Amino acid sequence: MRVLMFGWEFPPHIAGGLGTACYGMTRGLARNDVEVIFVMPKASGDEDERFVKVVNASDVEARYSNSTIEGADDIMRKISFIHIDSNMVPYISPEEWDTYREEYERTGKKFWEREGDSWTQRYTFSGKYGANLMEEVARYAVVAAEVARQLEGQFDVIHAHDWLTYFAGIAAKRVSGKPLVVHMHATSFDRSSSDNIDTRVYEIERAGMAAADRVIAVSNLTRNIVIEKYNIPAEKVVTVHNAVRFAEKENELPERGVDDKIITFLGRITFQKGPDYFVEAAAKVLKRVPNVRFVMAGSGDMMNHVIRRVARLGIADRFHFTGFLKGDDVHKMFQLSDVYIMPSVSEPFGISPLEAMRANVPSIISKQSGVAEVLDYAVKVDYWDVDAMADAIYGFVKYPALAKMFSEKGLEEVTGLKWNNAAAKIKAVYEDAINELAK
Amino acid sequence: MKTVCLYFQVHQPWRLKVYRFFNIGKDHNYLDDFTNRAIMQKVARQCYLPMNALLLKLIKENKGAFKCSFSITGSAVEQFRAYAPEVLDSFRALAETGCVEFLAETYSHSLAALSSKEDFVEQVKLHSKMIKEEFSKKPVAFRNTELIYSDAIGEMVSELGFKTILAEGAKHIMGWKSPNYIYTNSIDNRLRVLLRNYKLSDDIAFRFSNQGWDQYPLTADKFAQWISDENGEVVNLFMDYETFGEHQKATTGIFDFVKALPKAILKQGDVQFATVSEAAKAYQPVGVLHCPHAMSWADEERDVTAWLGNELQNEAFSKLYALKDKVKALKNADFEYVWNFMQTSDHFYYMATKWLSDGDVHSYFNPYGSSYEAFINYMNVLSDFEIEVDKALAAKKSRKKETATA
Chain A
0 MRVLMFGWEF
10 PPHIAGGLGT
20 ACYGMTRGLA
30 RNDVEVIFVM
40 PKASGDEDER
50 FVKVVNASDV
60 EARYSNSTIE
70 GADDIMRKIS
80 FIHIDSNMVP
90 YISPEEWDTY
100 REEYERTGKK
110 FWEREGDSWT
120 QRYTFSGKYG
130 ANLMEEVARY
140 AVVAAEVARQ
150 LEGQFDVIHA
160 HDWLTYFAGI
170 AAKRVSGKPL
180 VVHMHATSFD
190 RSSSDNIDTR
200 VYEIERAGMA
210 AADRVIAVSN
220 LTRNIVIEKY
230 NIPAEKVVTV
240 HNAVRFAEKE
250 NELPERGVDD
260 KIITFLGRIT
270 FQKGPDYFVE
280 AAAKVLKRVP
290 NVRFVMAGSG
300 DMMNHVIRRV
310 ARLGIADRFH
320 FTGFLKGDDV
330 HKMFQLSDVY
340 IMPSVSEPFG
350 ISPLEAMRAN
360 VPSIISKQSG
370 VAEVLDYAVK
380 VDYWDVDAMA
390 DAIYGFVKYP
400 ALAKMFSEKG
410 LEEVTGLKWN
420 NAAAKIKAVY
430 EDAINELAK
Chain B
0 MKTVCLYFQV
10 HQPWRLKVYR
20 FFNIGKDHNY
30 LDDFTNRAIM
40 QKVARQCYLP
50 MNALLLKLIK
60 ENKGAFKCSF
70 SITGSAVEQF
80 RAYAPEVLDS
90 FRALAETGCV
100 EFLAETYSHS
110 LAALSSKEDF
120 VEQVKLHSKM
130 IKEEFSKKPV
140 AFRNTELIYS
150 DAIGEMVSEL
160 GFKTILAEGA
170 KHIMGWKSPN
180 YIYTNSIDNR
190 LRVLLRNYKL
200 SDDIAFRFSN
210 QGWDQYPLTA
220 DKFAQWISDE
230 NGEVVNLFMD
240 YETFGEHQKA
250 TTGIFDFVKA
260 LPKAILKQGD
270 VQFATVSEAA
280 KAYQPVGVLH
290 CPHAMSWADE
300 ERDVTAWLGN
310 ELQNEAFSKL
320 YALKDKVKAL
330 KNADFEYVWN
340 FMQTSDHFYY
350 MATKWLSDGD
360 VHSYFNPYGS
370 SYEAFINYMN
380 VLSDFEIEVD
390 KALAAKKSRK
400 KETATA
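Residue numbers (numbering that gives the first Met the number 0), protein chains in the order written: chain A, 0 to 438; chain B, 0 to 405.
For the record, the hints were derived by calculation from the structure and aren't laboratory data. Values in this document were obtained by computation on a predicted structure and should not be read as measured data. Glycine included, C-beta positions come from ideal geometry on N, C-alpha and C.
Once the Cα atoms are required to be at most 27 Å apart in a straight line, the calculated DSSO-like pairs of lysine-lysine come out as:
| # | chain 1 | residue 1 | chain 2 | residue 2 |
| --- | --- | --- | --- | --- |
| 1 | B | K25 | B | K325 |
| 2 | A | K286 | B | K318 |
| 3 | A | K283 | B | K323 |
| 4 | B | K395 | B | K318 |
| 5 | A | K260 | B | K16 |
| 6 | A | K283 | B | K325 |
| 7 | B | K16 | A | K331 |
| 8 | B | K318 | A | K283 |
| 9 | A | K325 | B | K16 |
| 10 | B | K395 | B | K330 |
| 11 | B | K390 | A | K331 |
| 12 | A | K366 | A | K283 |
| 13 | A | K260 | B | K395 |
| 14 | A | K397 | B | K390 |
| 15 | B | K327 | A | K286 |
| 16 | B | K323 | A | K260 |
| 17 | A | K331 | B | K25 |
| 18 | B | K25 | A | K397 |
| 19 | B | K136 | B | K162 |
Some chain A residues well away from chain B (every beta-carbon gap over 10 Å; in silico):
| # | residue |
| --- | --- |
| 20 | Q149 |
| 21 | D155 |
| 22 | Y229 |
| 23 | N230 |
| 24 | V239 |
| 25 | G326 |
| 26 | W383 |
| 27 | A402 |
With the rest of the complex left out, here is chain A (with noise of 0.2 Å):
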């Protein structure tokens, strides 16, 4: 089988989860003997080259054939890449984008350099193409359908990651009369905080789902609010978890300065990760153990907010902020840290439970995350109480047996959640939608 899947860029230069969502599910579909043709924006700096360029498999950038991506040869042989000059992004909203365009014209900064605050700063904005996202969202639908064109006959599928591109896979189904897959990984209502969405965001996704054949949800949670909030019929709609690849190389263990145990939230500090709720039980806890630190990892729009409420608690001597953390230092706070906490309002999936798993760190996740529909080894909490959240820290904390459990079977958890399993499920779903369109 042979899919064209409109997808997002690879490790090392990702700017969230989907990038590393889709670089795991084509090595598992390549596993799963399905041939993959992956399209991708890729800003190629300056020029302005408003066509397409395919790039074939032989001449494939270094970064994407071998050097990154060690021993596996035979499994990227399968996989063909196409990128098209567009400085999309994944997770951009139409304000972002305008804000990337505006600080172009006024500043001339051109390339496409990742900054180290992806939060403040995913990439600098190259600002050619489209005047404004929508319109390269448009843009990029055009040439998706040129790629189709020109690739007749070498696929039997289109699979296509997150709204930006669904304009493209609506476009390439058009032209090729072949079924559509799209992929949610984050709906509207996941990126704001209330029921104030971005309707023309709302509108694509919409729009995609409704022309898609089959429609895949990291989770349930995302599943349901496909079904009630797109109104998409229930049986288009096919959960698929995400599951997690990790490096085979393991860092030897930081050296710890503190003999505390460390309660770590890693993330975004925004509204929709919960992070006021792990501030609250940490005031809970700290009245009860006095051998624990809490660090807030990462940066955001609320987090001056937060350091005030530390403050106004009277716990900043035990409550640590680090700001935005890159590279080698989130494992490392991962490796630092005892439990780990995510206490998401809203999370379509939430991979980073996962990797505090994998560095054997006893997770407390909310219910209202896609990851703990997968999860049996975790402590699932509902996000907004505090109080349930406190006694799970303070169990790990003061029952070592406890927290050794979680460590231990969570660690085989998380190794058992393979790509090679969840692709075969969206191979699965590949198969129904192109035998549903041929009856």
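Given chain A's structure and the hints, the job is docking chain B onto it.
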């Protein structure tokens, strides 16, 4: 006869380096040595050395008719010793003229007066001892950090044996009263209070180089005339010493202004210079000053909200002084050194979130991007310090046990 009382505050904080969560428990060097040295040597070159030389020259020229007073913080003296010993020598040369008085204050330029009497007394004694050692004279007049003053602070100061204290001539305290007279503390009438004439002081400290000011340019003759025109007995000109050459750069003509000032003032005939203690003794107090709440010379509000005005500052302050008993119990000079520089008021100033009229002044002195960064950094250092203190205490206890059983 009217008296002009010139007083200069000399202070440099020990600045903390960027200290991350990952440093806690591993790294016990908290100071930004490079920045501290660079700033000290820059200010020494631009302000302390040329201004001290100028004052020495003026004192000699006027044969005892020109006088002034200083207070120098412990952390400034420590940095002189480390990075600019020649500055300390030039202050000693000034002390030897007999025309310069050195005042007492808290050793670390701390907010201890707002914490507890015990902390305060200890800080003051430490400072007086240092001044005695450096300048061979025990201070008899007192000025608190940033002129923070209240009735209760005055009472503590009087109990310590000081005869005079400096305070801000703040509008909300003075009301219709003039700062140009001597007042007494309302609890202990023996303590005399000298009040800063903020209008004339700020004409030099803030407005001297302001070309938008309707009195620009300020000349020594014009200023001497203003002093002569003032009602009252004592005109108190209190300001940061860094005004000369640092806040007001040499190119503004500030040194020429100072050079011409003594002659211009003495020329008036009815005006003399005096040190703080001399000025306080020269006149009878005209009344009692009531100041139930702490005031200071900072910001438009003239209160203590620049240091203890938001939850970040209050939290850092209470967490710092919660460590006091432990540090005391250790009786270890290394820990006391850190304990001292952690108390410096500047750390709390960096955490201020007042950004209206005084935002400019705040950001000028602030090495941090935001008050939140300042708070995080300070708390990280404090956390490590606490861990170290606890470890040292535990070690001390176990040593005691060993010797007891042996």
